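Novice: Sequence:
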Amino acid sequence: MSQSEPTTEQHTQQIAEEKPPEEQKELFLQPEPINEEPLDDTTPKLHVLIRCDLGMTKGKICAQAAHAVLGLYKDLMERQPMEFSLWASVGFPQETYQANSAEDLYSTERMAKQFDLMGYVVHDAGRTQIAAMSATVCAVGPATCAQVKGLLQDRGFKKLE
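If you read the sequence shown in my numbering, its first letter stands for residue 1163, the second for the next number, and so on.
Keep in mind that the hints were calculated from the coordinates and are not lab data. The structure presented is a predicted model; accordingly, all values stated were derived computationally and were not measured. C-beta: ideal position from N, C-alpha, C; glycine also. Some hints here could point you the wrong way.
Okay, derived cross-link-like pairs now, DSSO-like style, lysine-lysine, Cα gap no bigger than 30 angstroms in a straight line [to be verified]:
| no. | residue 1 | residue 2 |
| --- | --- | --- |
| 1 | Lys1220 | Lys1311 |
| 2 | Lys1320 | Lys1275 |
| 3 | Lys1275 | Lys1236 |
| 4 | Lys1222 | Lys1275 |
Cβ-Cβ distance ranges computed for the label pairs, FRET-style [what the hints assert, rightly or not]:
| no. | residue 1 | residue 2 | range |
| --- | --- | --- | --- |
| 5 | Thr1219 | Arg1241 | 31 to 37 angstroms |
| 6 | Gly1253 | Leu1322 | 18 to 24 angstroms |
| 7 | Gln1291 | Pro1243 | 32 to 38 angstroms |
| 8 | Ser1269 | Arg1289 | 25 to 31 angstroms |
Given these sequences and hints, build the entire structure.
Specialist: Shown next, in the form of structure tokens:
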């Protein structure tokens, strides 16, 4: 990048400064969901399966779940933009479930493909609590509760509350 070209951050700041103060905050706000209806079992959601047998702290679980959601988010935007848009239109809802082994995650990802759903398994880098390359979380969807019934509920996975 040449010295005359502003960075993305500088460009955003420049745009903000050119707008009246009452409009500046709009540059940094998240858009509201398009669909304001209450969520129900027909709402497409991301379903996140978290391994509880690893003894991860709550913070580690949050980080691993975020990796799974962002990984699937990126894949959806690139490969299934219509499904991504529908999920975005209802505010990106998610549900979490308890898994007890790496095989739970791998089998769920394999089965998701049979249901024409995308799946994303996270493997930890091993720098903190978990052994390197351990499978920690699997995200699938977006899908309605009916679509994942055979994938999750019928296989005994319980929702994390």
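Novice: What are the numbers of the hints that this structure violates, sorted from low to high?
Specialist: Those not satisfied: there are none.
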